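Colleague: Sequence:
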Amino acid sequence: MDADFWNNRYAAPHFVYGEEPNGFLASMSSNIPAGPVLCLAEGEGRNAAHIATRGHQVTAVDQAESGLAKARRLAALRRVAIETVVADLSDFEIKPATWAGIVAIFAHLPRAIRRRVHAQAVRGLRPGGLFVLEAYAPAQLAFTTGGPKSPDLLMDLPSLREELAGLEFVIAREVERNVVEGDYHTGRGAVVQILARRHE
30 MDADFWNNRY
40 AAPHFVYGEE
50 PNGFLASMSS
60 NIPAGPVLCL
70 AEGEGRNAAH
80 IATRGHQVTA
90 VDQAESGLAK
100 ARRLAALRRV
110 AIETVVADLS
120 DFEIKPATWA
130 GIVAIFAHLP
140 RAIRRRVHAQ
150 AVRGLRPGGL
160 FVLEAYAPAQ
170 LAFTTGGPKS
180 PDLLMDLPSL
190 REELAGLEFV
200 IAREVERNVV
210 EGDYHTGRGA
220 VVQILARRHE
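Under the numbering used here, the first residue of the sequence shown carries the number 30, and numbering increases by one thereafter.
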């Protein structure tokens with residue numbers, strides 16, 4: 030699932046994961062304090078555009094330029110602007126103490142890379158800043174409704190508590206819910222959801 034894979038997937042004329050924000054993010058976004066927000070593995074921009082409509086300066090990072098081109102288009106449709114950065118998260122550097130919010134929605138990375146990215150995210154938040162994550166959990170392997178097939182790319186709560194050490198967990202849960210997000214995330218899914226705050 031390298032840049033070529035994602036560029037090809039996002040080359041479709043429509044928004045393959047839909048134009049509406051992730052449901053968990055949408056329900057949590059009002060909690061993000063004023064300030065800039067970083068969206069990791071943002072793809073076609075549905076979450077970045079939503080956050081920008083709430084008045085945040087948003088930077089969307091993804092390795093697929095075709096996805097980010099659609100993200101800019103969606104932001105324009107929403108009458109907001111976002112900054113986009115084409116980068117692989119394996120070598121992207123999150124600036125310390127910079128972000129009021131960091132968002133990782135279905136940002137499935139190999140465990141070794143994910144640990145490094147999450148450690149940077151903890152340091153990257155400003156005091157009081159929020160980290161918002163939803164991802165498929167290992168139980169998703171029993172479903173055929175989307176997400177990675179490799180256990181290494183899935184996320185469980187104990188691992189995330191370790192990787193995000195230093196944050197205060199406001200919400201930390203594994204749940205089953207109906208995920209209806211475009212062509213590739215549709216149906217009953219097993220997810221992990223995190224809302225965590227950096228201490229003031």
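Just so you know, the hints here were simulated from the structure itself, not pulled from any lab data. Given the structure is predicted, the values throughout are model-derived calculations rather than measurements. Warning: the hint list may mix true and false statements.
Below are the SDA-like pairs computed for lysine to any residue, each with C-alpha atoms no more than 25 Å apart in a straight line [what the hints assert, rightly or not]:
no., residue 1, residue 2
1, K124, V199
2, K124, R190
3, K178, G47
Colleague: Any hints this thing doesn't respect? Which numbers, in order?
Modeller: Structure breaks no hint.
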